[in-house]
Amino acid sequence: MLRIGLTAGWLTARRMGTSPYRRFVRHFNLNNYNYNNQVTFAFSFRALSTCSISDSNATATTSNILDAETVTEAYGADAPKYGAMEDSSMSEAYSAIELALDSVVKIFTVSSSPSYFLPWQNKSQRETMGSGFVISGRRILTNAHVVADHTFVLVRKHGSPTKYRAEVKAVGHECDLAILVVENEEFWAGMNFLELGDVPFLQEAVAVVGYPQGGDNISVTKGVVSRVEPTQYVHGASQLLAIQIDAAINPGNSGGPAIMGDKVSGVAFQNLSGAENIGYIIPVPVIKHFIAGVEETGDYVGFCSMGLSCQPTENTQLREHLQMRPGLTGVLVSKINPLSDAYRVLKKDDIVLSFDGVPIANDGTVHFRNRERITFDHLVSMKKPDDTAQVRVLRNGEELEFSVTLRPLQPLVPVHQFDKLPSYFIFAGFVFIPLTQPYLHEYGEDWYNTSPRRLCERALRELPKKAGEQLVILSQILMDDINAGYERLAELQVNGVEVENLKHLRQLVEDCSRESIRFDLDDERVIALNYDAANVATSRILKRHRIPCAMSADLIEEQNVSQIELTSSS
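3 is the number of the first residue of the sequence shown in our numbering; add one for each residue after it.
Don't read these hints as lab results, they were simulated from the structure.
The structure presented is a predicted model; accordingly, all values stated were derived computationally and were not measured.
It is possible that some hints are incorrect.
As the list claims (entries may be wrong) - Restraint-style ranges between C-beta atoms, simulated for each label pair: (1) 194 <-> 560: 41 to 49 Å; (2) 277 <-> 200: 52 to 60 Å; (3) 397 <-> 375: 47 to 55 Å; (4) 219 <-> 127: 22 to 30 Å; (5) 407 <-> 140: 30 to 38 Å; (6) 126 <-> 217: 24 to 32 Å; (7) 156 <-> 194: 31 to 39 Å; (8) 534 <-> 407: 45 to 53 Å; (9) 215 <-> 194: 25 to 33 Å; (10) 264 <-> 183: 18 to 26 Å; (11) 538 <-> 126: 47 to 55 Å; (12) 127 <-> 535: 21 to 29 Å; (13) 188 <-> 218: 20 to 28 Å.
Unchecked claim - Computed cross-link-like contacts, DSBU-like style, restricted to lysine-lysine with a CA-CA straight-line distance of at most 30 Å: (14) 350 <-> 468; (15) 337 <-> 349; (16) 265 <-> 350; (17) 337 <-> 171; (18) 386 <-> 468; (19) 422 <-> 349; (20) 422 <-> 165; (21) 350 <-> 422; (22) 290 <-> 350; (23) 468 <-> 337; (24) 265 <-> 337; (25) 165 <-> 125; (26) 165 <-> 290; (27) 385 <-> 468; (28) 386 <-> 349; (29) 468 <-> 422; (30) 125 <-> 386; (31) 350 <-> 467; (32) 265 <-> 165; (33) 171 <-> 422; (34) 337 <-> 386; (35) 171 <-> 467; (36) 385 <-> 350; (37) 337 <-> 350; (38) 385 <-> 422; (39) 290 <-> 125; (40) 337 <-> 467.
For every residue, glycine included, the Cβ atom is placed at its ideal position computed from N, Cα and C.
All chains, please: the whole structure from these sequences, using the hints.
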């Protein structure tokens with residue numbers, strides 16, 4: 003009898019019922035010290051009959067920068083003479099509109115997200131509207147969440163009734179950025195690209211331009227910079243540099259430029275739930291990192307991580323215990339990702355003193371500019387993949403320096419899976435999937451409290467031990483005579499020690515040469531089946547539930563590759 007160790011999950015029949023604007027993210031970032039629990043909005047206007055405008059919880063209010071209303075429509079040929087404006091703030095606003103008229107576009111996306119409860123199906127089609135703007139190289143820059151899970155994308159330039167087909171060239175879901183291309187030459191007639199500028203200083207004014215809800219014409223919202231620091235990116239569940247402004251960013255503004263002077267200082271992408279006029283824009287360093295990776299490799303390359311979980315050393319007695327001499331500052335290493343290069347040279351309880359020569363304070367921050375401070379994660383994330391950094395540490399009272407190669411690191415449980423179908427494997431009615439956070443999100447807006455507790459804890463805390471590892475769970479059972487009596491086993495929690503990933507599980511099942519096959523679940527309970535009868539039942543169950551295949555497309559592709567390699571070797 004073949005014994006297969008695997009994990010079990012628990013499934014309810016409840017589906018997500020949240021507003022399509024809202025993303026609830028509880029995310030554990032290895033570069034941070036704790037959990038981040040925020041409810042914010044990824045702003046692309048979802049044109050769904052089930053959602054009202056009030057769902058956005060964002061209003062366009064009067065700015066203290068402009069005496070007029072913050073949302074100003076462009077009137078085309080009837081526009082006022084901008085040069086005659088005496089008020090400098092108003093002149094800046096109209097200048098932003100002038101720049102935007104031939105650069106900012108409205109984006110129409112048709113998308114269909116997969117169901118993680120029924121991974122062989124997609125959810126109903128929906129429409130998304132957002133903004134974007136032209137950059138050099140005949141490209142359009144927008145937010146990733148505007149085109150996430152897209153099936154069809156159109157763009158329309160200002161003053162034109164025509165929509166043009168666009169293709170998504172590259173998407174970076176971590177940084178919430180995407181690049182579109184339009185092949186139709188007619189679209190590019192009269193279009194001008196916007197240049198990227200610098201990170202604005204505090205209290206500098208910016209103008210957010212785009213196509214928010216409440217109208218069809220282009221609009222501009224003025225605001226001032228109130229904060230620059232690493233922030234939770236809701237769409238990608240990542241921690242990257244962001245700029246906080248006091249301008250109202252509404253559904254539809256997503257992907258539009260924030261203009262300072264005659265250059266782009268950022269891309270509008272989210273705001274803070276429960277707070278008035280707190281919006282966020284993606285700054286130029288993050289944008290340039292994304293674009294540079296696409297230009298060098300043709301695809302999104304990601305953002306590097308050291309793979310560390312660190313603790314501040316602000317407590318005096320803690321520093322004394324760690325033998326930190328007066329004048330030494332740094333953070334305590336509490337956990338290291340086994341897949342990171344830092345795992346090779348660093349140890350638990352090391353104190354990281356500096357990164358590439360930049361001193362790290364006891365609270366984990368580094369000097370930024372003009373007496374500002376940000377977490378040292380920003381220095382790490384701006385490195386290119388395979389770049390090296392010099393890391394100085396204190397170990398048992400001795401200062402050491404190591405060279406660490408930096409790479410993007412994937413968590414054991416993926417935090418997002420946009421633009422791809424879920425993996426699954428069905429055998430005798432048992433539906434096996436790799437655990438992902440999108441699967442947990444299917445339990446509803448309050449998924450952290452309504453989904454299985456141990457699944458959440460492992461998703462947020464556990465690190466991979468080797469490349470390609472997955473937490474394979476038994477998500478549900480499609481009832482049949484062959485699995486009768488096992489239905490309650492679907493309520494078990496996770497373990498997943500013996501099965502490396504879903505591909506490994508498929509191989510173990512398909513390579514079984516014995517009469518019986520056995521699955522060991524995490525509380526020592528067992529599923530035992532006659533192998534031949536289970537194979538016959540699988541076909542019967544698939545037909546009954548109108549499921550096209552017993553495994554997802556990625557497993558089929560890997561299966562075909564394995565068969566080709568086996569044939570070639572023989």
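Hint by hint, here is what the structure shows:
1. 194 <-> 560: 41 to 49 Å: 46 Å, holds
2. 277 <-> 200: 52 to 60 Å: 27 Å, violated
3. 397 <-> 375: 47 to 55 Å: 26 Å, violated
4. 219 <-> 127: 22 to 30 Å: 27 Å, holds
5. 407 <-> 140: 30 to 38 Å: 35 Å, holds
6. 126 <-> 217: 24 to 32 Å: With a Cβ separation near 27 Å, residue 126 and residue 217 satisfy 24 to 32 Å, so the hint holds.
7. 156 <-> 194: 31 to 39 Å: Given range 31 to 39 Å: violated, Cβ gap about 21 Å.
8. 534 <-> 407: 45 to 53 Å: 50 Å, holds
9. 215 <-> 194: 25 to 33 Å: For residue 215 and residue 194 the Cβ distance comes to about 26 Å; the hint holds.
10. 264 <-> 183: 18 to 26 Å: Given a distance of about 25 Å, which is inside 18 to 26 Å, the answer is holds.
11. 538 <-> 126: 47 to 55 Å: Violated - the Cβ-Cβ distance for residue 538 and residue 126, about 34 Å, lies outside 47 to 55 Å.
12. 127 <-> 535: 21 to 29 Å: 39 Å Cβ-Cβ, so the 21 to 29 Å window is violated.
13. 188 <-> 218: 20 to 28 Å: About 21 Å separates the Cβ atoms of residue 188 and residue 218, which means 20 to 28 Å holds.
14. 350 <-> 468: Distance of about 19 Å is within 30 Å: holds.
15. 337 <-> 349: Holds, because 8 Å separates the two Cα atoms, which is no more than 30 Å.
16. 265 <-> 350: Outside the cut-off at roughly 45 Å; violated.
17. 337 <-> 171: Status violated; Cα separation ~37 Å.
18. 386 <-> 468: Holds: residue 386 and residue 468 sit about 23 Å apart, inside 30 Å.
19. 422 <-> 349: 36 Å, violated
20. 422 <-> 165: 26 Å, holds
21. 350 <-> 422: 36 Å, violated
22. 290 <-> 350: 34 Å, violated
23. 468 <-> 337: The hint holds at about 16 Å.
24. 265 <-> 337: Roughly 42 Å between the alpha carbons, so the hint for residue 265 and residue 337 is violated.
25. 165 <-> 125: 26 Å, holds
26. 165 <-> 290: 28 Å, holds
27. 385 <-> 468: The given pair, whose Cα atoms are some 23 Å apart, holds under the 30 Å limit.
28. 386 <-> 349: 24 Å, holds
29. 468 <-> 422: 23 Å, holds
30. 125 <-> 386: 36 Å, violated
31. 350 <-> 467: 16 Å, holds
32. 265 <-> 165: Given that 30 Å is the threshold and the Cα spacing comes to 26 Å, the pair holds.
33. 171 <-> 422: Holds, at about 15 Å.
34. 337 <-> 386: 23 Å, holds
35. 171 <-> 467: 33 Å, violated
36. 385 <-> 350: Holds, at roughly 24 Å.
37. 337 <-> 350: 6 Å, holds
38. 385 <-> 422: Roughly 27 Å separates the two Cα atoms, so the pair holds.
39. 290 <-> 125: Since the Cα atoms of residue 290 and residue 125 sit roughly 34 Å apart, the hinted pair is violated (cutoff 30 Å).
40. 337 <-> 467: Holds. Residue 337 to residue 467 sits at ~13 Å (cutoff 30 Å).
Hint compliance for this structure: hints 2, 3, 7, 11, 12, 16, 17, 19, 21, 22, 24, 30, 35, 39 are not met, and every other hint is.
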